[in-house]
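Protein chains: 2
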Amino acid sequence: MKEASKAQIKLLRKLSQRKYRENEQLFIVEGERAVEQVLENGVIEVESIFVKENKTDSYKQTADCFILSKSIFHELSDTETPQGVIAVCKMPDPVTLEELQKLNSGVIVATDAIQDPGNLGTIIRTASWFGSEALLHGKGTVDVFNPKVVRSTAGATGVLPFISGDLDYLLGELETSGWNVLLLDGNPGAATITSIPKKEKTVLVVGNEANGVSASLITPKRRRTLIPSVRNSKVVESLNAAVALSIALWSVNN
Amino acid sequence: MKEASKAQIKLLRKLSQRKYRENEQLFIVEGERAVEQVLENGVIEVESIFVKENKTDSYKQTADCFILSKSIFHELSDTETPQGVIAVCKMPDPVTLEELQKLNSGVIVATDAIQDPGNLGTIIRTASWFGSEALLHGKGTVDVFNPKVVRSTAGATGVLPFISGDLDYLLGELETSGWNVLLLDGNPGAATITSIPKKEKTVLVVGNEANGVSASLITPKRRRTLIPSVRNSKVVESLNAAVALSIALWSVNN
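Protein chains in written order, with this note's numbering: chain A, 8 to 261; chain B, 8 to 261.
Since the hints were derived computationally from the structure, they do not count as laboratory data. Don't take each hint at face value.
Copies of one chain are not kept apart here, so a pair can be met inside one copy or by any two copies together.
With a straight-line Cα cutoff of 30 Å, these simulated DSSO-like cross-link-like pairs (lysine-lysine) come out [to be verified]:
| hint | residue 1 | residue 2 |
| --- | --- | --- |
| 1 | K77 | K206 |
| 2 | K77 | K97 |
| 3 | K109 | K13 |
| 4 | K241 | K155 |
None of the values given here were measured: they were computed from a predicted structure.
Pulled out of the complex, with its shape left as it was, chain A reads as follows (with noise of 0.2 Å):
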């Protein structure tokens, strides 16, 4: 196993910035379970690996892979408690709204602004694990590509297929090729999840963690629904966004 070059390096570096993950079409994933499970997956392209020097063992037989020391590998990780192990992988192409237009049945789950990359990693898990069929994400939602979003998604980046870019105009634009879009909203006046009718097409909108949905988002055309709470309603203000999804996505799909 050769020890990784100096423009590697710099490149596992500039990987932990958004607009250079973006240049270069490539991501980062950390951690032996993760990476695990995108080489088990097949579902995205992994480039290289790269691994602190005393854990050179476990990824013996793998192709293109790197050794980095331990300074080195203690600097790039972005967890508390480093690995060992890192795979740079290949950022899948974005599906286009084309696609999503023609399809004839389904549940799309669109993210506005969700900050939290534990929440969006269980936003993106959670729908893949309900086969959804693709995911939107807002311009204020933090990068899927974000090496904590990630970790979080547990082997689901990757699996289905997305959208980055303004929901004001991609839920327009769903909107008149016959889908039905839900925004959750636990403001007055909305309608327990329950009580919606399921349709054939919807597209569940998850607004952001502190303020929920974006105001711009929410017209007369678009239901609003929430979860209801039980007797507990005036102490417990709310649930975690990416938990109303998961129950949303459930009961849409149930």
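Got chain A; can you put chain B on it based on the hints?
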């Protein structure tokens, strides 16, 4: 507003450790929103509040409020970007097993070795939202009064009665008084959650993030249940533990 004393600072330092939290029966809530929620809820008794020297304006009216220097505050803070307020709160008393045995209906949530503080906090938040009767925290579960857990509950800490202890014992005792134990377990042979008949008295057990429910808790009497995936089970290994529990709670409630 007074400066915090040396004894107070010493106490704050100690409260980062579980054993001192248990000795003192005190815990820390950090962050503006979190402290606000605790003050609004009135569920938890706040003993004193500590603010960073440049943040004193917001807490002028609050009794028992003390000032910490910036450097001390940053040393004590559990967050990467401290918001400048910490509350020292009294731990609520655990409920007794006898009190739970007397209940005639409801759902109890049991956590068996949940290790991620964010997951445990989310589970407590969701269980509170859905009006569960109590929480049982098995021995391998992260401390419920860990500052990260407290932050993730979003104000739900202390809302539900709880017992921390040995789940083998607790579940066995509850069964003798007519509670039905339902294990969340994605392994083969588990029944789909929608196929499980709803019972009056259900204990829902969620297992460790990586290993699931402990082998010792799986008995012939206890039903095992899972949340089935749609399409992507080959590439997505599982749901997040807090999400699985949340969907199961929703399902047994609806």
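Hint numbers the structure violates, sorted upward? As far as the earlier hints go, 1, 3 are violated by this structure, in ascending order.
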